[in-house]
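Asker: From first to last, the protein sequence lines are chains A and B.
Residue numbers are given in numbering that gives the first Met the number 0: position 116 of the first sequence equals residue 115, and the series is strictly consecutive.
Residue numbers are given in numbering that gives the first Met the number 0: position 93 of the second sequence equals residue 92, and the series is strictly consecutive.
Take the hints with a grain of salt, since some may be wrong.
From the structure, some residues in chain B lie toward chain A, with a derived Cβ separation under 8 Å [what the hints assert, rightly or not]:
(1) Asn13
(2) Ile22
(3) Ala24
(4) Tyr34
(5) Phe54
(6) Val58
(7) Lys68
(8) Ala82
(9) Ile83
Derived SDA-like pairs: lysine to any residue, alpha-carbon spacing no greater than 25 Å straight-line [as the list claims (entries may be wrong)]:
(10) A:Lys159 with B:Asn13
(11) B:Lys65 with A:Ala87
(12) B:Lys94 with A:Ile158
Derived list of chain B stretches under chain A, where covered just means 3 residues or more per stretch with a C-beta under 8 Å from a C-beta of chain A [stated by the list, open to error]:
(13) 42-50
(14) 85-94
Please keep in mind that the hints were generated in silico from the structure rather than gathered at the bench.
All values derive from a computational prediction rather than experimental measurement.
Backbone N, C-alpha and C define an ideal beta-carbon position, used for all residues, glycine too.
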Amino acid sequence: MAELVQEHGAQHGSTGISNAKLGMWLFLGSECLLFGGLISTYMLYRGRVGDGPTPMQIFDIPFTSVSSFVLLMSSLTMVLAVSAATKADDRSTELWLTVTALLGATFVGGQVYEFTAFYNEGLGFSTSLFASSFYVLTGFHGVHVTVGIIMLFALVAMIKRNRIPGSKSETVEMIGLYWHFVDIVWIVIFTLIYLIPV
Amino acid sequence: MTEQHAHEEHGMSNAGYVRIALILAAITALEVSTYYVDFGPLFMPALMVMMVVKFVMVVSYFMHLKFDKRVFSVMFYAGLFLAIFVYAVALSSFKFFIA
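In isolation and in its complexed conformation, chain A is listed as follows (with noise of 0.2 Å):
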């Protein structure tokens, strides 16, 4: 293909845009509206609850404040990952990155510790709307997180082992585009789901 031209190995069509980016901009774009659906339907039945305890009984607030501000922290050190890869300087790429999957870890055991208390405190998931919109978001979302903490050490041993095929700058910036997008989508949840009293 003519058009086609190689750029540190990162393909890139007549345009001159990357496809890999324009493609993981399309999947975020689309992810939006899965979000979207799901934080609507939280909405939607966050009053209904039943004979269950109520969102401001079970929330632990000042606990979800630090997950939330770990999660964004790692975003800082994915940033710094992806500048790294942009220099070429590889240890500093494994070591940002192997912050931010661990940083990661952090909240995604803080929820699975959110979720244990607030089932031990009698909200199961078939307990009322809320609680199954509740869950079906924030586990969403922790899954996503789940399957970016696995990308990252993939790339780390990736990296290692010089198995990134084409651009290895643009390889992180890709895993770091997705996993800024589970910030935004946390910045989110923790406003309208946490903060708002229903």
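With chain A's structure known, arrange chain B on it following the hints.
Answerer: Here is chain B on its own, set in the frame of chain A:
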């Protein structure tokens, strides 16, 4: 285009990223304070503004959308606004039919 050139195109240093992160942390602290301090009628608008500011800062600076090609912004914000529009209509129709 060299990798260094590509980095410069993004237009931010590591110190710049740390500054953005500090601003985000400060806004988060302010958000959490609304849970404990009575902001009166300003509560909801203040919370919404802070959420949008954090969202836009992460997307613009950490995701480099501010420094990248415009087509990426169009793709992402098109998905975002389509989501907001579709679900705003869906939620208002629920309100309408329940009322």
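Asker: Tell me, in ascending order, the numbers of any earlier hints that this structure violates.
Answerer: Numbers 2 and 12, in rising order.
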